[in-house]
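**Q** Sequence:
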Amino acid sequence: MAGQKTKKPKWVIEKERSRRASAAETVWLFGLHAVRDALGNPMRDKLRLVLTKNAADRLGDAVAASGLAPEIVDARSFDSHVPIDAESVHQGAALEVRPLDWGKVADICAPGRDAPLVVLLDRVTDPHNVGAILRSAEVFGARAVIAPHRHSAPETGALAKTASGALERQPYVRVANLADAMVALKDMGYVLLGLDGEAETTLAGALSDLEGKPVGLVLGAEGPGLRDKTRETCDALVKIPFAGGFGSLNVSNAAAISLYAARNR
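The letter at position 166 of the sequence shown is residue 166 when you use full-length UniProt numbering, and the numbering goes up by one with no holes.
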């Protein structure tokens with residue numbers, strides 16, 4: 001019938017709903033360092049800044065440069081003005097922002113100017129681990145830290161504080177499907193090395209054959225490790241050897257060691 005509206009497919013409705021929810025999502029960053037770095041990041045959409053008088057004095061230049069008018073509140077009632085955990089070490093500074101949009105993996109990780117290095121995280125959900133990994137990734141020049149959108153640590157104040165500013169500078173890209181992102185990287189020439197304590201090949205041994213090639217380091221959550229699909233998609237499984245009869249590393253420590261080894265191969 002003329003003029004009758006066509007009903008949208010369910011998947012289209014779900015996609016639009018997800019897009020609207022994402023657009024409405026905000027994050028509260030806290031702590032002097034995290035807030036200062038976010039204020040100075042032109043990529044950040046900054047919405048609301050809440051400071052104590054002391055924090056405002058310490059962040060004066062950054063606040064002025066941002067053009068954002070702060071709300072000055074009494075230190076004793078700070079927690080009642082912002083929706084952050086009462087145990088958070090906020091130092092009298094909190095900033096509401098929208099999550100960063102770093103763009104597409106294909107654009108960020110495209111080889112060209114050097115032998116690029118990326119980190120892929122398989123269900124690493126602890127924000128402190130991810131924050132520490134972002135710091136290491138920035139130090140060792142990784143193009144990006146890539147994680148699945150579901151079952152990974154989102155941007156939070158705790159993650160930003162642990163990252164100590166790296167969240168504002170180091171691309172943290174969350175994708176719909178990690179295996180698909182891995183395949184896309186392989187199509188671009190990346191060799192993907194999955195960290196697995198039971199592997200026969202050492203990380204150093206695998207890297208010795210990859211001079212000048214793009215490398216992706218794939219790390220899983222502590223305990224479960226890499227999922228089967230992730231393991232199957234890697235080009236090789238490698239281990240960090242340990243000196244004693246038993247060895248176990250925190251995932252952020254394993255990432256730092258792997259990044260150092262890959263950058264200095």
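One or more hints might be untrue.
[Stated by the list, open to error] Subject to a maximum C-alpha distance of 30 Å in a straight line, what follows is the list of computed BS3-like cross-link-like pairs (lysine-lysine):
1) LYS239 - LYS186
2) LYS186 - LYS213
3) LYS46 - LYS213
4) LYS186 - LYS229
5) LYS229 - LYS213
6) LYS229 - LYS239
7) LYS53 - LYS104
8) LYS213 - LYS239
9) LYS104 - LYS46
10) LYS104 - LYS229
[Stated by the list, open to error] Here are the computed distance ranges between Cβ atoms for each label pair:
11) ALA86 - ARG150: 24 to 30 Å
12) ASP187 - SER77: 23 to 29 Å
13) HIS128 - ALA86: 17 to 23 Å
14) ARG113 - ALA176: 38 to 44 Å
Simulated from the structure, these hints should not be mistaken for laboratory data.
Keep in mind it's a predicted model, so treat the numbers as computed, not measured.
Don't be surprised by glycine CBs; every beta carbon is placed ideally from N, CA and C.
**Q** Now tell me if each hint is right for this structure.
**A** Hints and how they fare:
{"no.": "1", "hint": "LYS239 - LYS186", "in the structure": "holds (20 Å)"}
{"no.": "2", "hint": "LYS186 - LYS213", "in the structure": "holds (11 Å)"}
{"no.": "3", "hint": "LYS46 - LYS213", "in the structure": "violated (38 Å)"}
{"no.": "4", "hint": "LYS186 - LYS229", "in the structure": "holds (15 Å)"}
{"no.": "5", "hint": "LYS229 - LYS213", "in the structure": "holds (24 Å)"}
{"no.": "6", "hint": "LYS229 - LYS239", "in the structure": "holds (18 Å)"}
{"no.": "7", "hint": "LYS53 - LYS104", "in the structure": "violated (40 Å)"}
{"no.": "8", "hint": "LYS213 - LYS239", "in the structure": "holds (19 Å)"}
{"no.": "9", "hint": "LYS104 - LYS46", "in the structure": "holds (22 Å)"}
{"no.": "10", "hint": "LYS104 - LYS229", "in the structure": "holds (22 Å)"}
{"no.": "11", "hint": "ALA86 - ARG150: 24 to 30 Å", "in the structure": "holds (28 Å)"}
{"no.": "12", "hint": "ASP187 - SER77: 23 to 29 Å", "in the structure": "violated (54 Å)"}
{"no.": "13", "hint": "HIS128 - ALA86: 17 to 23 Å", "in the structure": "holds (18 Å)"}
{"no.": "14", "hint": "ARG113 - ALA176: 38 to 44 Å", "in the structure": "violated (28 Å)"}
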